[in-house]
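Modelling step: build the complete structure from the supplied sequences, incorporating the hints.
Chains as they are written, first to last, in this note's numbering: chain A, 1 to 205; chain B, 1 to 205; chain C, 1 to 205.
Just so you know, these hints were derived from the structure itself, not from any lab. In this text, all values refer to a predicted model and were calculated from it rather than measured experimentally. Glycine is no exception: its CB is placed at the ideal position from the N, C-alpha and C atoms. The hints are all genuine.
Short derived list, chain A residues pointing at chain B, Cβ under 8 Å:
hint	residue
1	Leu51
2	Leu52
3	Leu53
4	Pro115
5	Leu117
6	Ile136
7	Asp140
8	Ala152
9	Thr153
10	Trp156
Listed below are the residues making up each chain.
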Amino acid sequence: MDALLYWVGLVAVAVNALTGVLDAGRKQMDLIGAVMVGVATALGGGTIRDLLLDRNVFWVVDQTYLLVALLAGLMTFFAVRKLPLPPRLFLIPDALGLALFTIIGTQVALQWHAPWLVASLMGVTTGIVGGVLRDILCNDVPLVFLKGELYATAAWTGALALIAMQEMGVSGIISAWIAMAIVLLLRLLAMRYNLTLPTFRQPNT
Amino acid sequence: MDALLYWVGLVAVAVNALTGVLDAGRKQMDLIGAVMVGVATALGGGTIRDLLLDRNVFWVVDQTYLLVALLAGLMTFFAVRKLPLPPRLFLIPDALGLALFTIIGTQVALQWHAPWLVASLMGVTTGIVGGVLRDILCNDVPLVFLKGELYATAAWTGALALIAMQEMGVSGIISAWIAMAIVLLLRLLAMRYNLTLPTFRQPNT
Amino acid sequence: MDALLYWVGLVAVAVNALTGVLDAGRKQMDLIGAVMVGVATALGGGTIRDLLLDRNVFWVVDQTYLLVALLAGLMTFFAVRKLPLPPRLFLIPDALGLALFTIIGTQVALQWHAPWLVASLMGVTTGIVGGVLRDILCNDVPLVFLKGELYATAAWTGALALIAMQEMGVSGIISAWIAMAIVLLLRLLAMRYNLTLPTFRQPNT
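Take a look at the structure:
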């Protein structure tokens with residue numbers, strides 16, 4: 001389980017760095033600026049989780065994560081100058097990164113003996129904070145909170161499902177795969193069919 | 001004192017979650033997005049204080065705070081869909097939340113043996129960071145820094161008054177109530193009479 | 001070395017508080033609001049570094065930093081009301097603050113036995129995060145990431161040069177001065193000759 005989580009985590013870091021660089025590009029950032037936004041997107045969620053849980057920050061302990069984020073960011077930057085990428089292409093890796101990070105974050109918090117509600121929120125934090133940081137650094141309203149995206153909703157549902165399954169005795173690996181599939185499916189369905197939660201509406205405005 | 005601080009803290013959390021959800025609503029966020037902004041508004045200030053002081057984060061240790069923030073956020077979201085709320089109504093709970101959080105934050109920092117200037121800034125941090133986070137997440141210039149609001153000023157005056165009173169031997173509960181009243185009064189007066197501090201002015205621009 | 005770093009650090013704090021207050025002024029903030037943005041600009045980078053490395057936050061341990069940031073912020077606020085300052089004047093202290101903070105941040109991380117890549121990023125963090133915070137609080141796209149500024153690039157080059165020199169056995173003080181000069185020179189050259197790194201360009205947009 002742990003070795004799997006490690007490799008899956010590296011993939012998620014690379015995927016998130018890619019989405020960060022792509023978004024930074026729209027704001028006329030230069031090479032290092034875009035790569036920095038990519039690194040913040042890739043490592044931000046797990047960093048906040050580790051600070052909140054008072055763990056050692058994962059990429060300070062193991063430089064590999066930082067290296068992967070930097071390399072993925074650099075490669076994206078130069079690849080995009082050569083290859084035309086359809087704008088919607090990055091939505092799939094983005095959904096994948098959300099699913100991976102959410103499950104890893106929940107799992108880490110559970111192993112740290114955080115209470116269940118906190119653990120589920122740590123999963124959501126790990127999953128979405130990178131994207132929130134990216135949008136703040138690019139001066140946008142964070143995408144993850146906007147209606148019709150089901151971003152935070154998908155992450156939270158998956159995190160709660162993981163915790164419920166482990167409580168019921170489902171094995172670690174199986175429950176992790178199922179929960180990941182739930183996040184991914186919800187997010188993809190939201191994109192495909194434009195699903196929405198109730199939006200905020202103030203009758204008096 | 002401690003039991004009182006605890007209950008007062010829960011009320012402040014609920015009140016701040018309410019203001020966060022109300023503000024998030026103006027940005028077309030969906031249910032979970034608005035609730036997340038509410039939770040960040042409610043817990044953000046105390047979280048930053050605990051990270052800076054190297055304490056355990058209060059809502060990770062005690063899930064009750066998180067539960068209260070979530071429930072208050074959910075209830076606000078649905079209540080607002082049914083009841084028309086005058087827009088200025090939330091300014092009173094907002095001022096109350098500022099006063100409560102500022103005094104609690106200062107008190108916590110003093111008990112943690114932070115030096116007095118740091119303790120006063122921890123009070124301000126606990127009081128205003130939630131609102132700053134809310135405004136950043138909603139992509140606004142933070143309200144608390146704008147002229148004519150006396151936001152940070154009210155918080156800082158109250159925090160310094162609390163420290164001065166305790167230094168002079170006034171009992172914990174009495175000094176806390178007086179300091180809270182000072183913050184609340186300054187903030188309400190600023191709203192009522194549009195009090196302002198000197199604004200920044202560059203003669204050459 | 002340590003005593004020198006200490007005094008140089010205080011100067012860097014004052015300089016960064018000055019730039020924060022100047023920028024906050026453009027957003028119609030009042031006295032306390034502008035000073036708070038100045039304090040965040042001055043202490044933000046080192047604070048994030050200390051949180052990430054799990055050190056005690058430097059200005060909580062030693063109040064002097066906080067006092068210097070507050071006083072520098074206040075003095076800037078009132079000085080600017082009397083004296084006309086040419087807008088480009090603050091770019092020189094800003095570049096100086098970047099150089100000082102980057103080298104101090106890298107040095108602190110190395111003494112904390114962070115691995116080299118992490119240490120270099122801690123230098124960049126200490127150098128630029130204050131300015132990023134300032135721009136986020138003022139609701140701008142962070143200047144440091146924009147093209148043609150070489151901000152993060154100058155910081156990173158200097159941090160890596162410091163690490164390389166110390167690895168090769170150059171003494172602490174000499175390597176620190178040389179690395180500081182590198183950051184300062186790169187930043188000043190970038191401003192003077194409008195040097196740029198490759199900008200992001202998507203062929204399909």
